[in-house]
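Number of protein chains: 2
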Amino acid sequence: MSNVAPIGPIRTYLLDLQERLCRAFADEDGVATFEGGDHTGPHGSLSRPRVLEGGAVFERAAAQFSHTVRRQLPAAATDRRPYLAGHAYEAVSVSVIAHPRNPYVPTVHCNLRFFRADAQGAQLEGAGSGEVGSGTAGPGGGGTWWFGGGFDLTPYYGFEDDAIGWHRAAHAACSALDDGDADAVYARMKADCDAYFFLPHRQEPRGIGGIFFDDLDQPDYARCAAFVRQVGDHFLDAYLAIVRRRRDHAYGERERTFQLLRRGRYVEFNLLHDRGTRFGLQSGGAVESILASLPPDVRWQHGFVPEPGSAEERLFRDFLPPRDWLALAR
Amino acid sequence: MSNVAPIGPIRTYLLDLQERLCRAFADEDGVATFEGGDHTGPHGSLSRPRVLEGGAVFERAAAQFSHTVRRQLPAAATDRRPYLAGHAYEAVSVSVIAHPRNPYVPTVHCNLRFFRADAQGAQLEGAGSGEVGSGTAGPGGGGTWWFGGGFDLTPYYGFEDDAIGWHRAAHAACSALDDGDADAVYARMKADCDAYFFLPHRQEPRGIGGIFFDDLDQPDYARCAAFVRQVGDHFLDAYLAIVRRRRDHAYGERERTFQLLRRGRYVEFNLLHDRGTRFGLQSGGAVESILASLPPDVRWQHGFVPEPGSAEERLFRDFLPPRDWLALAR
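Chain order of the listed sequences is R and C.
In case it helps, this note's numbering puts the first sequence at residues 1 to 330.
In case it helps, this note's numbering puts the second sequence at residues 1 to 330.
Honestly, I wouldn't trust all of these hints.
[Stated by the list, open to error] Pulled a few chain C residues facing chain R out of the computed Cβ check, cut under 10 Å: (1) 284; (2) 299; (3) 304; (4) 308.
[Said to hold, decoys possible] What the simulated footprint calls covered on chain R by chain C, stretch by stretch (three residues with Cβ under 8 Å from a Cβ of chain C suffice, anywhere in the stretch; the number is not a length): (5) 143-151; (6) 161-169; (7) 213-224; (8) 300-312.
In case anyone wonders, no lab produced these hints; they're calculated from the structure.
Note that CB positions come from ideal geometry on N, CA and C, so glycine has one too.
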């Protein structure tokens, strides 16, 4: 498998992305910095949580890197791929979330992950070596691998410019996967994002989406890896552009209250629906790292309904329902 | 079934309890009152949500009454009793939660419910008639019924007096079920309460417990119904006594912050673990009524650890781990 789907390059990229992101967010913030140590585990596993709290621009931001190496994949992790249970696997991921202070700056989320399992039980060499395991790709061969992830934006107040810029970045990243048909790739991944970041109990989208992908192993490893790098780079640039555009927008108690109430929806989604959060907590993951995705201050108000014609109502009416933002830009 | 397990008396009691409670809480508050309408449904179903918000003593309190009558029990509701699927049923319940403003006043929760299903598909007569359905009790007969519920307390700051008074009330209610062996009833229901109100992902109890029971149909209907009435009455008296004792306790930013952080645990429990909340949301219940159980203002802080020797640490050390409060009182 090492020749077909090496973990080294993607691991290096994700560690570098985490570092660039922490630097860029801290620079943007100007007050607070990211903190956190390194936790090493068996076979070269590494967990590197980084959390910034109480900043001027960001009330909280978390960027977690993790590289998990296990000799045996637990059955709970392989519902969709029962043939992998008991086999050696490793996974590398970065998960980013930022909860800005200013209600005009959207909350953002990005996750990038790579998973590979060796169906022949070959010895894993550990994290340091860059390329580990052996076998061929795909369920029919000696092992399997895939990429997953995406990014999505949760504004409190809607701006068409922001939405268009965000989805342009998503589209641009898709060119790396299929430059002949980026439109189709983007359309599929945008629809998957809208479907995933949805609160069924409220019949309400979480935000304005972006792209979401899982089980990605086509057309080949090199293209997938290049695509994931593009997703990471575009995410960082597109979000920073929005932060810079909105961070000094004046706001008052009304906007702050709406932000706190909308954050409540974020908590509901993460605790009730998000697969990563629920799986992490159920499998005994580090609680504080997993729940660093939650907003710092949150409010629930019984029966809140935005005023007709208000900016708050426009969010629900014009921004949350899935839209073709790129068509709007043309 | 009507002769064996009538729904009328328990329905009347729960409606009266809700009214007494709303009056007592509003009187205690002095500023805010409970609001909400009546929603009627098929076959005499009634939902009566009552929510108080922004009071002087209570930031939020909710007391929901509901009487559900259905011709066919959904399969999802009968995991443990598959033989009831498709049969007529009705359920009556009151659910109470209060989130006080002063951090020295504990958050409280009480739920009382009665369920009966007619395994012979007899016609239900609707809610107004007091006694409906027909058949005999128990799975071997024409129908089945049971009571469930309990009450539990979630203090932010621990006081032995409050804990002892609370558990004495729980013990006193248990006498109504078995006056010869109230100790054993209380011990079992206290242990069930400690087991249920527990956050497995944090390995942390939610509060100092109380009593919890489900599937209660022994020794007979009359005893069970009398017990449930005692639970409701003792709950109201015991909680009001604590509110009155603590409501004017001076507090500052430190206590408020700790209260907000602890409320985060309450949200985690309700959204991640509470069966009633999860089942209600999954089955398309009224979101705003179900989530009226959440605290109004909440905070998450990454890696919070209370100061050694502080009152906050004492909560974790001396109050949250299950204790025999009645032994302490002797």
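To see whether the hints hold, each was checked on the structure:
no.: 1; hint: 284; result: holds (8 Å)
no.: 2; hint: 299; result: holds (5 Å)
no.: 3; hint: 304; result: holds (9 Å)
no.: 4; hint: 308; result: violated (19 Å)
no.: 5; hint: 143-151; result: violated (count 0)
no.: 6; hint: 161-169; result: violated (count 0)
no.: 7; hint: 213-224; result: violated (count 0)
no.: 8; hint: 300-312; result: holds (count 4)
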